[in-house]
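Undergrad: Sequence:
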Amino acid sequence: MPRPDLHEDNRVAWNAATTAHNSHKLDQASFLSGGGTTLFPEELDLLGDIAGTSLLHLQCNAGQDSLSLARLGARVTGIDISDEAIAFATALSADSGTPATFVRADVYDWLSAATTRPKRFDIVFASYGCLVWLSDLTAWGEGIASVLAPGGRVVLLDFHPFAMVFECDWSHKLPYFADGKPETYEHGVGDYVGMSGDALTPSGYSEGVKDWVNPHRGHEFQWGLGEVATALTGAGLAITTLREYPYSNGAKLFDRMRETPGRRMVPPDAVPNLPLMFGMVANKL
Numbered sequence: 001m002p003r004p005d006l007h008e009d010n011r012v013a014w015n016a017a018t019t020a021h022n023s024h025k026l027d028q029a030s031f032l033s034g035g036g037t038t039l040f041p042e043e044l045d046l047l048g049d050i051a052g053t054s055l056l057h058l059q060c061n062a063g064q065d066s067l068s069l070a071r072l073g074a075r076v077t078g079i080d081i082s083d084e085a086i087a088f089a090t091a092l093s094a095d096s097g098t099p100a101t102f103v104r105a106d107v108y109d110w111l112s113a114a115t116t117r118p119k120r121f122d123i124v125f126a127s128y129g130c131l132v133w134l135s136d137l138t139a140w141g142e143g144i145a146s147v148l149a150p151g152g153r154v155v156l157l158d159f160h161p162f163a164m165v166f167e168c169d170w171s172h173k174l175p176y177f178a179d180g181k182p183e184t185y186e187h188g189v190g191d192y193v194g195m196s197g198d199a200l201t202p203s204g205y206s207e208g209v210k211d212w213v214n215p216h217r218g219h220e221f222q223w224g225l226g227e228v229a230t231a232l233t234g235a236g237l238a239i240t241t242l243r244e245y246p247y248s249n250g251a252k253l254f255d256r257m258r259e260t261p262g263r264r265m266v267p268p269d270a271v272p273n274l275p276l277m278f279g280m281v282a283n284k285l
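The opening position of the sequence shown corresponds to residue 1 in the working numbering, with each subsequent residue numbered one higher.
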C-alpha cells in the first residue's frame with residue numbers, strides 16, 4: 001500500500017529543496033523561450049517523435065523538463081507533490097510562453113482519481129530520481145496502465161538501482177533488495193544542483209544558497225530493476241526497451257566523479273565502470 005504519511009514528509013522536504021535548487025539556475029524563462037532545453041539525448045532517444053502527443057509527466061519537479069517536452073510539440077500535463085515545484089513550473093510556463101498544465105498532487109492520489117476520468121495519454125514519462133520516492137510499485141504500475149491510451153507507452157529514465165547501494169564515498173552501505181522498506185534521512189532532499197554546478201544548470205549557473213542542508217527529513221525506497229519491470233508487466237504493459245548506461249547525466253551522485261562530453265558523469269579512475277542509469281519503455285497493447 002502507498003504510504004501517504006511518508007509522502008507528506010517528502011512533500012515538505014521537496015518544498016524546501018526546490019527553492020534551493022532554483023537559486024542556482026539563471027533566467028530559465030529566457031533560456032527556454034530562446035530554444036534551450038534541459039533534456040538529454042538519452043530521454044529524447046527513448047521518447048522518439050512526440051509532436052502532437054498527449055504526455056503525462058509524473059513527478060515533474062519544477063517543470064523544466066516538462067516545458068522542454070512541450071516545446072517539442074507535446075501537450076504536457078505535469079504532476080508533482082511539491083507545492084513550490086508546481087508554483088514555479090506554472091510561473092515558468094507563463095514567463096517562457098510555453099503552454100503546459102501543472103497539478104500539485106501526490107502521484108498515487110492523482111492516478112487513482114484519473115482512472116474515473118475519460119482522458120487518456122499517449123505517453124507517460126518519468127525520469128531522474130523518480131523511483132526512490134515511490135512507496136508502492138504495484139499501485140504505480142497499475143495507475144500508469146490505467147491512464148495510458150491503447151497503443152500508448154511509458155518511458156522511464158532513472159538512476160540505476162544498483163548504483164543506489166553506494167554512499168557518496170563509493171562504500172557499499174545500502175541493500176539492493178529492500179522489500180519496500182523505507183530508508184529515512186533526517187536531512188531529506190539535498191542540494192544536488194549546487195553540487196553538480198554547470199552540469200545541471202544549462203540556463204547558466206549561479207552560486208545561490210551556500211552549504212544548504214535540508215531541515216526536513218525524507219524517506220526513500222529502494223526498488224530493484226526486476227521489481228520495476230514486474231510492476232509494469234504485471235499491470236499488462238509489454239517492455240520493448242531496456243538499456244543500461246555506464247554514466248549519469250548531469251548529477252554528480254558520488255565523490256570524485258569525472259565529467260565527460262555531454263555533461264555525462266563517470267566514476268573516478270580507481271572505480272570500475274558500473275551501471276549508473278537505465279532506460280525502459282513499455283507499451284500498452
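Hint data in this document are derived by calculation from the structure and do not stem from the laboratory.
Treat the hints loosely; a few may be bogus.
[As the list claims (entries may be wrong)] Below 25 Å or equal to it, Euclidean Cα-Cα: the simulated DMTMM-like pairs (lysine to aspartate or glutamate) are:
1. LYS181 - ASP198
2. LYS181 - ASP122
3. LYS119 - ASP109
[Claimed, not checked] Okay, the calculated beta carbon distance ranges per label pair:
4. LEU26 - THR240: 35 to 41 Å
5. LEU44 - ALA149: 18 to 24 Å
6. LEU26 - THR230: 41 to 47 Å
7. GLY34 - VAL271: 27 to 33 Å
8. PRO150 - TYR245: 29 to 35 Å
9. LEU174 - ILE239: 21 to 27 Å
10. GLU186 - GLY97: 17 to 23 Å
Predicted model only: the values in this text are computed from it and were never measured.
In this text, a Cβ means the ideal position worked out from N, Cα and C, and glycines have one as well.
Undergrad: Does each hint fit the structure? Answer for all of them.
TA: Hints and how they fare:
no.	hint	verdict
1	LYS181 - ASP198	violated, 34 Å
2	LYS181 - ASP122	violated, 32 Å
3	LYS119 - ASP109	holds, 16 Å
4	LEU26 - THR240: 35 to 41 Å	holds, 38 Å
5	LEU44 - ALA149: 18 to 24 Å	holds, 21 Å
6	LEU26 - THR230: 41 to 47 Å	holds, 42 Å
7	GLY34 - VAL271: 27 to 33 Å	violated, 38 Å
8	PRO150 - TYR245: 29 to 35 Å	holds, 30 Å
9	LEU174 - ILE239: 21 to 27 Å	holds, 26 Å
10	GLU186 - GLY97: 17 to 23 Å	violated, 41 Å
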